[in-house]
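Undergrad: Each chain, letter by letter, is given below.
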Amino acid sequence: MAEPDYDAFREEVRRFALAHCPPEIREVVASYRKLSRKIWAPWQRILHAHGWGAPSWPKEYGGTGWDARQRVIFDEVMAECDCPPQYHHGLRHLGPVIIEFGTEEQKQRFLPGILDGSDWWCQGYSEPGAGSDLASLRTAARREGDHYIVDGQKTWTSHAHEADWMYTLVRTSKEEKKQQGISLLLVKLDSPGITIRPIRTIDGWHHVNEVFLDNVRVPVENRIGEEGKGWTYGKFLLERERLGGANIAPHRMALERVRDLVRTELAGPAREEERGLLLHRLLEAEAELLGAAELGRESVQAVMDGKPLGLLPSVVKLSTSVTMQSISQVALDAVGSRLASRFRRVEGEGPNANPPGLEWVQNYMYARVRTIYGGSSEVQKNVIARQLFGN
Amino acid sequence: MPFAATPLVAGETYETALRFGEEAAAELAPLAEPSAQAACLRAQWDRIAALGWPGIAVAEEEGGAGGDLAELAALLCGAGRTGLALPLATACGVVPALLSGHPLLADAASGSARIAAILPGATQDPGEEALRRQPNGALHGAAVGIEAPPAPTHVVAFVEGDAPALLLLRADAPGMELVASLRVDGRLAYDIRCRGAVPEAVLAEGDEARRRVETARDLGALLACVEGVSAMGALIEQTVAYLNQRVQFGAPLATQQALRHRVADMYVEYENLRGITAAALRAATTEDVLPWRAIAFAKLRLGIAGREVAESAIQCHGGMGMTEELPAIRLCKRLLMAEFEHGGRVFQARRLLAA
Ligand SMILES: Cc1cc2nc3c(=O)[nH]c(=O)nc-3n(C[C@H](O)[C@H](O)[C@H](O)COP(=O)(O)OP(=O)(O)OC[C@H]3O[C@@H](n4cnc5c(N)ncnc54)[C@H](O)[C@@H]3O)c2cc1C
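Protein chains in written order, with the working numbering: chain A, 1 to 391; chain B, 392 to 746.
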């Protein structure tokens, strides 16, 4: 098979992105503000209409048929053009699980809404008593005819306040091993018995919620795969979640933005030394990202070849999360003394109340979560160590 | 199964270099006296010369074996796992690049000419001056700690000034003084002082001279990274093995999470360095000119990751981490030294910042 013309492909993606991604969406990305469904969903619809809705999926389910290099080019150009990275919960997390383990009806029912961005998904894994030790989860589902009745509480549920659906791990039976007896259910969030409450986080953005489930009826046909085997599917999904970091392109854009910030914030000869110091730290971060980019490329290739990912997801998650934190630290060091002291206005709330650039402070705060969620750094190190030591 | 590192470039050359390096390390380990170590290295050099390593990537018509960069990288991969104390990156990569087109290249390829290279950035002791050329052509000045094959026969030196030049000198020419030391990693290095020494030949002048030393140094930096990745992989294997075997508090140390996490951190550093080095090596083998930025970033990473991993490995070995001959600790010393070779961390950072 002839090799694709990669330069022409890059140009084609760039032309498309600049012509079709609405300026108001790119503005939000470029100014580092929080992304929400209002930003993501229209862009997903546009991509899908062009046939580019799911670059990471097999072609027969709506994928693009690109090779690994094209996938990486697509990500790079999207980031360079300030297009939002595609929303992950449907496309990268749940979609592949449905494709791998779902029934024909489930594929028909759920994949189209993910592809065109009309269904919005969130992840109900964590519970107050089940964080790193996820398998100790207690939210229970008991069978009643052709429904499950679900009772319990999820927490830290990102985007639940704007989502239509939640994929969730629940306990369907008590077994000897806590990893057994767990099932993966798809729950409609407007079902009776569901209460969603916001959690206030240190970054000042709203993204996480508590989700209470009180006698919620979920049709049995909304269970993915076998009853009691949810842990297997959940882990399959988590592995894909950790690979989120394999797309290094947005990180590199973030780094460029912070570099610009340092140059403008610390402009002039009087601040040359400070500037040099911060630019040097960014250089070290850039070197780390270059290493991670190669590992990302290897991961994409492995997934496409159907090869096992081994430790790559953990390594990529661990290293990019820390690098992104370092980058956000540099930004904070550049603007912190000026802006961290004005984090919230006492009066005059509203979109324009904050001084411009405050997003850097919020971002620094938000970046702390990168080593906590999706399997904390300590948990990833446990995974790696188990492999390295052979036990 | 505990961790086993995969070489960046595998194959026959890799295997040969690995076996050679293991024997060489076993031979050196019991020798305590620096003079005995130097003599041992001298004999080992003759053996790699007989194997044709210095000429592995020199074109056949110039007296070499005609191998490519991948072949050379395979050599460094194999030797790197063992911390071989011979300057392969310099002798098989940097020096041939400097001598390109000169008849001495054939002797360098056969190993009979052993060449020390003084490149821009070479260090001096306080109060000494860098090499400079006097109007009559004679050289004055010093460069210290120059990594070189045992008992150099020649010196290649780059001199700055109005007319920058790359010069070739005989090591035994009048006015030349070479004093040998062992580096932290047990390799030989020379303090080279010129007091009116007259060059035997001008290898290149002006921009051509500068271009040639820069390319040669970048090649050296890339090979140092390749070697470093191998050394790091082997070091992690050996640290894992040590922690699996050493018992304290009634259980193998490998059961202690603090140590497991430190090793996991080493692995992440290793993978990251492997990634950036693989990408730079791929670019270097497919593009016409050496990708200097990719190499500079990789070398920057080697400096940071190398220290991190070496320090962690020493810590994980406890008191044993302070001992001289343990193979793992020899690899640590090798990694600590690699940072300074062919443009150190600070040099690479300044260069990237200036670009
Ligand atoms: C902003 C945000 C968004 C999130 N989004 C979602 C979401 O959409 N869906 C969802 O299901 N969850 C989500 N989470 C939850 C997240 O995955 C959990 O916070 C995470 O798994 C850690 O669990 P925990 O908070 O209970 O911490 P704990 O498990 O209590 O851990 C506390 C500390 O102990 C460490 N620790 C735990 N176990 C060990 C061990 N064995 N060895 C060493 N150290 C250990 C941890 O690393 C951590 O440092 C989100 C969290 C946040 C903050």
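Calculated from the structure, these hints are not laboratory results. Here a beta-carbon is modelled for each residue, glycine too, at the ideal position from N, C-alpha and C. One or more hints might be untrue.
Simulated DEER-style distance windows between Cβ atoms [what the hints assert, rightly or not]:
(1) B:Gly709 - A:Asn215: 52 to 62 Å
(2) B:Pro517 - A:Gly244: 48 to 58 Å
(3) A:Glu104 - B:Arg637: 52 to 62 Å
The following residues of chain A were derived to be distant from chain B, with all beta-carbon distances above 10 Å [as the list claims (entries may be wrong)]:
(4) Ile46
(5) Ile149
(6) Ser173
(7) Gly204
(8) Glu286
(9) Ala287
(10) Gly291
(11) Lys307
(12) Leu309
(13) Pro356
(14) Gln380
(15) Lys381
(16) Phe389
Undergrad: Now tell me if each hint is right for this structure.
TA: Taking the hints in turn, this is what the structure says about them:
1. B:Gly709 - A:Asn215: 52 to 62 Å: holds, 58 Å
2. B:Pro517 - A:Gly244: 48 to 58 Å: holds, 52 Å
3. A:Glu104 - B:Arg637: 52 to 62 Å: Since glutamate 104 of chain A and arginine 637 of chain B have Cβ atoms about 55 Å apart, the given range 52 to 62 Å holds.
4. Ile46: holds, 32 Å
5. Ile149: holds, 40 Å
6. Ser173: holds, 32 Å
7. Gly204: holds, 31 Å
8. Glu286: Glutamate 286 of chain A not clear of chain B: closest Cβ-Cβ about 7 Å, inside 10 Å.
9. Ala287: Violated, because the least Cβ-Cβ distance between alanine 287 of chain A and chain B comes to about 4 Å, which does not exceed 10 Å.
10. Gly291: Since the minimum Cβ distance to chain B is about 4 Å, glycine 291 of chain A lies within 10 Å and the statement is violated.
11. Lys307: holds, 14 Å
12. Leu309: holds, 13 Å
13. Pro356: Label holds. Min Cβ-Cβ 28 Å, cutoff 10 Å.
14. Gln380: violated, 8 Å
15. Lys381: Non-interface label fails for lysine 381 of chain A: nearest chain B Cβ at 4 Å, not farther than 10 Å.
16. Phe389: violated, 5 Å
The structure shown violates the earlier hints numbered 8, 9, 10, 14, 15, 16.
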